[in-house]
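Novice: Use these hints to put chain B onto chain A, whose structure you have.
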Amino acid sequence: ETGVTQTPRHLVMGMTNKKSLKCEQHLGHNAMYWYKQSAKKPLELMFVYSLEERVENNSVPSRFSPECPNSSHLFLHLHTLQPEDSALYLCASSQGSEQPQFFGPGTRLTVL
Amino acid sequence: QKEVEQDPGPLSVPEGAIVSLNCTYSNSAFQYFMWYRQYSRKGPELLMYTYSSGNKEDGRFTAQVDKSSKYISLFIRDSQPSDSATYLCAMAPSGAGSYQLTFGKGTKLSVIP
Chain A
1 ETGVTQTPRH LVMGMTNKKS LKCEQHLGHN AMYWYKQSAK KPLELMFVYS
51 LEERVENNSV PSRFSPECPN SSHLFLHLHT LQPEDSALYL CASSQGSEQP
101 QFFGPGTRLT VL
Chain B
1 QKEVEQDPGP LSVPEGAIVS LNCTYSNSAF QYFMWYRQYS RKGPELLMYT
51 YSSGNKEDGR FTAQVDKSSK YISLFIRDSQ PSDSATYLCA MAPSGAGSYQ
101 LTFGKGTKLS VIP
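Just so you know, the protein sequences line up as chains A and B, in that order. Everything in the first sequence is counted per our numbering, starting at 1 for the first residue and increasing by one. Everything in the second sequence is counted per our numbering, starting at 1 for the first residue and increasing by one.
Only chain A is shown next, with the shape it has when bound in the complex (with noise of 0.2 Å):
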């Protein structure tokens, strides 16, 4: 495997499900992101770690939980999502701050 890789690449997922999205990165980096992006809107930055601790937090709800056990994973816990938290979801790493960022192909997630 090479680079970022995401799954499941497909989710559906009723309101009262509790699923988990996982993403690991082959690139040997050490800050790692989860964002989701909707239908004509920008690319929302969600979560950010580096070094396994979370520096960005960005007013998300509560049914949203990240986990970082390592550089090289990160989990996206979801429980009692809503129909709204449809989307894509899209992990991403970089080699600490100021450096690009590279993503991987994204779970389609959707709520019913």
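What the hints contain is simulated information worked out from the structure, not anything from laboratory work. Don't take every hint at face value.
[Claimed, not checked] Result set (DSSO-like, lysine-lysine): computed pairs, CA atoms no more than 27 Å apart in a straight line:
#, chain 1, residue 1, chain 2, residue 2
1, A, Lys41, B, Lys70
2, B, Lys105, A, Lys41
3, A, Lys40, A, Lys19
4, B, Lys105, B, Lys42
5, A, Lys18, B, Lys42
6, B, Lys105, B, Lys67
7, A, Lys41, A, Lys19
8, B, Lys70, A, Lys36
9, B, Lys56, B, Lys108
10, B, Lys108, A, Lys36
11, A, Lys41, B, Lys67
12, A, Lys41, B, Lys108
13, B, Lys108, B, Lys42
14, B, Lys67, A, Lys22
15, A, Lys36, A, Lys19
16, A, Lys18, A, Lys36
17, B, Lys56, B, Lys70
18, B, Lys42, B, Lys56
19, B, Lys42, A, Lys40
20, A, Lys18, B, Lys105
21, B, Lys42, B, Lys67
22, A, Lys40, A, Lys22
23, A, Lys41, A, Lys22
24, B, Lys42, A, Lys22
25, B, Lys70, B, Lys108
26, A, Lys40, B, Lys108
27, B, Lys42, A, Lys19
28, B, Lys42, A, Lys41
29, B, Lys105, A, Lys40
30, A, Lys22, A, Lys36
31, B, Lys42, A, Lys36
32, A, Lys41, A, Lys18
33, B, Lys70, B, Lys105
34, B, Lys56, B, Lys67
35, B, Lys105, B, Lys56
36, B, Lys105, A, Lys22
[As the list claims (entries may be wrong)] Output of the computed footprint for chain B on chain A, the stretches with three or more beta carbons under 8 Å from beta carbons of chain B:
#, stretch
37, 38-49
38, 73-84
39, 94-100
Built from N, CA and C at the ideal position, the CB exists for glycine as well.
Specialist: Below, chain B without anything else, positioned relative to chain A:
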């Protein structure tokens, strides 16, 4: 005023044309500028990364930054049908907040054979 303005298009050009994509921004703290290409149902792919004002060239792509005008551009020469995608500009300040990229909404480009 939005922090980053980008014409969403769609923009259609014939194969071989020179394409010009642009973003304007209002935050003078932005120091780092990026262009990403995103194909349908894929993640954004980094095309260009620049720090200073001026031009940066990579193959058929040229990125231009004018900090005094708060204006950045991406030029694509000899455009190909495979260039059909959505192009996103992104930018960030230096120092505190430099993890946080601010994106434009993207311009959808179609290159017609």
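Novice: Look at each hint and say if it fits the structure.
Specialist: To see whether the hints hold, each was checked on the structure:
Note on lysine 41 of chain A and lysine 70 of chain B: the hinted pairing holds, with a Cα-Cα distance of about 21 Å set against a maximum of 27 Å. At roughly 6 Å between alpha-carbon atoms, lysine 105 of chain B and lysine 41 of chain A fall within 27 Å of each other, so this suggested pair holds. Taken as a hint, the lysine 40 of chain A and lysine 19 of chain A pair is honoured in the structure, with Cα atoms around 26 Å apart against an allowance of 27 Å. Between lysine 105 of chain B and lysine 42 of chain B, the direct Cα distance comes to roughly 16 Å. Compliance with the 27 Å bound is thereby established for this hinted pair.
Distance hint between lysine 18 of chain A and lysine 42 of chain B is fulfilled; the C-alpha atoms sit about 25 Å from each other, no more than 27 Å. Pair hint lysine 105 of chain B plus lysine 67 of chain B holds up; C-alpha atoms about 20 Å apart against a cutoff of 27 Å. With a CA separation close to 25 Å, the supplied pair lysine 41 of chain A and lysine 19 of chain A stays within the 27 Å bound. Taken as a hint, the lysine 70 of chain B and lysine 36 of chain A pair is honoured in the structure, with Cα atoms around 26 Å apart against an allowance of 27 Å.
With a C-alpha separation of about 22 Å, the suggested pair lysine 56 of chain B and lysine 108 of chain B falls inside the 27 Å cut-off, and the hint holds. Distance restraint check for lysine 108 of chain B and lysine 36 of chain A: the Cα-Cα separation of roughly 19 Å lies within the 27 Å cut-off, and the hinted pair is therefore satisfied. Restraint check: the Cα-Cα separation between lysine 41 of chain A and lysine 67 of chain B comes to about 25 Å, which is no more than 27 Å; the hinted pair holds. Between lysine 41 of chain A and lysine 108 of chain B the CA atoms are separated by roughly 13 Å; this keeps the pair inside 27 Å, and the hint holds.
Proximity of lysine 108 of chain B to lysine 42 of chain B is assessed by CA-CA distance (about 14 Å); at most 27 Å being required, the pair is judged to hold. Restraint check for lysine 67 of chain B and lysine 22 of chain A: the C-alpha separation of about 38 Å exceeds 27 Å, so the hint is violated. In summary, the hint linking lysine 36 of chain A to lysine 19 of chain A is supported, as the alpha carbons are separated by about 16 Å, within the 27 Å threshold. Using a Cα cut-off of 27 Å, the hinted pair lysine 18 of chain A and lysine 36 of chain A holds, with the two alpha carbons roughly 18 Å apart.
Restraint check: the Cα-Cα separation between lysine 56 of chain B and lysine 70 of chain B comes to about 17 Å, which is no more than 27 Å; the hinted pair holds. In summary, the hint linking lysine 42 of chain B to lysine 56 of chain B is supported, as the alpha carbons are separated by about 26 Å, within the 27 Å threshold. For the given pair, lysine 42 of chain B sits about 16 Å from lysine 40 of chain A by alpha-carbon distance, which is consistent with the 27 Å threshold. For the proposed pair lysine 18 of chain A and lysine 105 of chain B, the alpha carbon gap of about 30 Å is over 27 Å, so the pair is violated.
With a C-alpha separation of about 31 Å, the suggested pair lysine 42 of chain B and lysine 67 of chain B falls outside the 27 Å cut-off, and the hint is violated. Between lysine 40 of chain A and lysine 22 of chain A the CA atoms are separated by roughly 25 Å; this keeps the pair inside 27 Å, and the hint holds. For a cut-off of 27 Å, the pair hint linking lysine 41 of chain A to lysine 22 of chain A stands: about 23 Å separates their Cα positions. Between lysine 42 of chain B and lysine 22 of chain A the alpha-carbon distance is near 16 Å, which keeps this suggested pair within the 27 Å criterion.
Proximity of lysine 70 of chain B to lysine 108 of chain B is assessed by CA-CA distance (about 22 Å); at most 27 Å being required, the pair is judged to hold. For the suggested pair lysine 40 of chain A and lysine 108 of chain B, the alpha carbons sit about 11 Å apart, so the restraint of at most 27 Å is met. A distance of roughly 22 Å separates the Cα atoms of lysine 42 of chain B and lysine 19 of chain A; the hinted pair therefore holds under the 27 Å criterion. Between lysine 42 of chain B and lysine 41 of chain A, the direct Cα distance comes to roughly 16 Å. Compliance with the 27 Å bound is thereby established for this hinted pair.
Distance check on the hinted pair: lysine 105 of chain B and lysine 40 of chain A sit about 7 Å apart at the alpha-carbon level, within 27 Å; holds. For the hint pairing lysine 22 of chain A with lysine 36 of chain A, the CA-to-CA distance comes to about 14 Å; that is within 27 Å, so the pair holds. Distance check on the hinted pair: lysine 42 of chain B and lysine 36 of chain A sit about 13 Å apart at the alpha-carbon level, within 27 Å; holds. A hinted pair counts as satisfied when its Cα atoms are at most 27 Å apart, and lysine 41 of chain A with lysine 18 of chain A qualifies at roughly 26 Å.
For the suggested pair lysine 70 of chain B and lysine 105 of chain B, the alpha carbons sit about 17 Å apart, so the restraint of at most 27 Å is met. Between lysine 56 of chain B and lysine 67 of chain B, the direct Cα distance comes to roughly 14 Å. Compliance with the 27 Å bound is thereby established for this hinted pair. Our distance criterion of 27 Å between C-alpha atoms is met by lysine 105 of chain B and lysine 56 of chain B, whose separation comes to about 23 Å. Restraint check for lysine 105 of chain B and lysine 22 of chain A: the C-alpha separation of about 26 Å stays at or below 27 Å, so the hint holds.
Only residues whose C-beta sits within less than 8 Å of a C-beta in chain B count toward coverage, and the stretch 38-49 of chain A has 6 of them, enough to reach three; the restraint holds. Evaluation of the coverage hint for the stretch 73-84 of chain A: breached, as 0 residues show C-beta separations to chain B shorter than 8 Å, against a requirement of three. With a cut-off of 8 Å between beta carbons, the stretch 94-100 of chain A has 4 residues touching chain B; three or more are needed, and the interface restraint holds.
In summary, the structure is inconsistent with hints 14, 20, 21, 38 from the numbered list given earlier, while agreeing with the others.
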